[in-house]
Amino acid sequence: MSTAHSTGLPRRHWLYSIVGTVLLFLVLPVCIVIPESFSDSKYLSFPPPGFSLKWYSAFLSSDDWLSSARASLVAATLTMLFATPVGVASAYAISNLGPRFQRISMAFILLPVIVPSMLIAIGIFYVYIRLSLVNTMLGIVLAHSILAIPFVIVTLLSALRSFDLRQELVARSLGAPRFAAFWRVTLPQIRPAVISAALFAFIISLDEVIVSLFVAGGNNMVLTRRMFVALRDALDPTIAAISTFFVVVSLAVLGTVALLSRKR
Amino acid sequence: MSDEASSAGAIDGADNVNVRPLALVARRERLLMIGLFSPAFLLMATFVVLPIAWLFYLSFVDNAQFSTVHYSRMIEYSSYYKILLTTLRISIIVTVICAIAGYPVAYLLAQLAPPWSIICLSLVVIPFWTSLLVRTYAWLVLLSSNGPINSFVEWLSITDKPLELVFNETGTVIGMVHVMLPFFILPLYSVIKSFDWSLIQAASSLGAPPISAFARVFLPLSLPGLVAGAVLVFVQSLGFFVTPAVLGGGNVTMVSMKIASNVQNYFEWGASSAFGVVLLISAFGVLAIAARMLGLERTFGMTR
Chain A
1 MSTAHSTGLP RRHWLYSIVG TVLLFLVLPV CIVIPESFSD SKYLSFPPPG
51 FSLKWYSAFL SSDDWLSSAR ASLVAATLTM LFATPVGVAS AYAISNLGPR
101 FQRISMAFIL LPVIVPSMLI AIGIFYVYIR LSLVNTMLGI VLAHSILAIP
151 FVIVTLLSAL RSFDLRQELV ARSLGAPRFA AFWRVTLPQI RPAVISAALF
201 AFIISLDEVI VSLFVAGGNN MVLTRRMFVA LRDALDPTIA AISTFFVVVS
251 LAVLGTVALL SRKR
Chain B
1 MSDEASSAGA IDGADNVNVR PLALVARRER LLMIGLFSPA FLLMATFVVL
51 PIAWLFYLSF VDNAQFSTVH YSRMIEYSSY YKILLTTLRI SIIVTVICAI
101 AGYPVAYLLA QLAPPWSIIC LSLVVIPFWT SLLVRTYAWL VLLSSNGPIN
151 SFVEWLSITD KPLELVFNET GTVIGMVHVM LPFFILPLYS VIKSFDWSLI
201 QAASSLGAPP ISAFARVFLP LSLPGLVAGA VLVFVQSLGF FVTPAVLGGG
251 NVTMVSMKIA SNVQNYFEWG ASSAFGVVLL ISAFGVLAIA ARMLGLERTF
301 GMTR
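Protein sequence lines correspond, in order, to chains A and B. Note that my numbering numbers the first sequence so that position 240 is 240, with each residue one more than the last. Note that my numbering numbers the second sequence so that position 176 is 176, with each residue one more than the last.
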């Protein structure tokens, strides 16, 4: 629609400066992380007093940090591989069922988003103690998938809403088996959403802290848990180097998702 | 199965030969859909609904007997009471700041044309998808006594000693506002984006000065978005853990931190569960009131 120049709303320079300040507030922390990781000082100071790569080498020479990085990447990959098909199947089912079922199933599926995460965390911990799933990779992947599935479903539902499911009926009436009709007619058209959802699942698992604090220790201590303990108890500048890795992964994922949605 | 679409017209026919096979097809279809939905359903039931029901039960049990001691302690122990008050106070402050800072951003963003709208929107979305721990760490650097903000204040020579911006409630609030602002801006942005700007033109053509066109036409119509955003921010703020634990530096205790320490250090499931139930009921209560006011779709219709 028309921009505010043609409307009668107040729009002055002070509005631009307020908005500019808030946007600066939002991006500033993300911007300082990368330069800070090249600091040569042990203490928190910005701008860094000098250049060095020592926090990167500290990261790469620490068995603890490296094994955590490995655990995090394995967990995120497996979560992506598990949560995406489960979420796609659910979204497909929800969009094929009646409106009453849709409302109930959505309320159910969105529970992990609405319930405070600490409550989910101790709930999962409580069940895991009984199933001896604490500190196992299977347990971590299941827990992270529970948090990722709602996002996969919501992403897929909005894609399926703009897709005419009757196309699949056409394919089936022409003799295609059910699954082939989905695989060759529906899936190619919602592929960008599936890829976006998979990437979101990956990053949700990678960034997850609270549930991991309870269920992702021992040999499978994920990066976020080790980082959280380091941040809370004794600040270790190695965190700056790891943070850079997190920022780069997030930007890569967001860039890919943006590209995919533009193609659509 | 493939005749489902082609035989749809036969239902209207005088002979109901197809009724039974069609009902069979419909039933198989429904079963298939339920089957596809069941993995997600089972996961949520086993690992979210069931344990929460169990925790609810535990919160009423002490020494294997029914008891409300876990709840009465919250009021009787001043340390517990203080945690509830701190959580409530911080959540309200964060919500108010988010509303004041986020409203102008959503307002302006919805009016910008590309490429500026895309650039500004990504400035909101990028921190949103950046690891919470990374941002918390960055605030630790920014707010520390020899960090850039204090250097700037020192350079302006407003105060003679550095401001205490971190390891207290101030730092916690700053960090939480940073996390919650996108949650406020994005839904409000989409409400304003669908706003019919010709209403404003109508108001001004009828002689309304810009300020009153804004205050009497635009503001009331954007109110649902404002309330939805504020509710979302408030409810999520109640459950915060990482930000107060790190930026509070041990001087700020919110409900989630107490839940965690009770379970991790003392295996006190009863006390933790009671706090959890209070947290859950407050969250659902606020959401239910907002949903009643606004209609379900607006409150729950958006995601991270």
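No lab work stands behind these hints: they were computed from the structure. What you are looking at is a predicted structure, and each value in this text was computed from that prediction instead of being measured. Be aware that a few hints might be false.
To be verified - So, partial list: chain A residues that the calculated Cβ filter (under 7 Å) puts toward chain B:
1) GLU36
2) ASN96
3) PHE108
4) MET118
5) VAL127
To be verified - Listed next, with one range per pair, are the computed distances between beta-carbon atoms:
6) SER67(A) - ASN265(B): 21 to 29 Å
7) LEU163(B) - LEU165(A): 54 to 62 Å
8) SER67(A) - LEU156(B): 42 to 50 Å
9) GLY255(A) - LEU31(B): 37 to 45 Å
10) VAL27(A) - LEU31(B): 44 to 52 Å
11) TYR81(B) - ILE129(A): 43 to 51 Å
12) TYR81(B) - PHE163(A): 24 to 32 Å
13) PHE163(A) - PRO115(B): 25 to 33 Å
14) ARG70(A) - THR68(B): 42 to 50 Å
15) SER62(A) - TYR77(B): 17 to 25 Å
16) ILE211(B) - LEU28(A): 25 to 33 Å
17) LEU66(A) - SER261(B): 47 to 55 Å
We put the CB at the ideal spot given by N, CA and C, even for glycine.
- Which earlier hints turn out false for this structure, listed by number in ascending order? 11, 12, 15, 17
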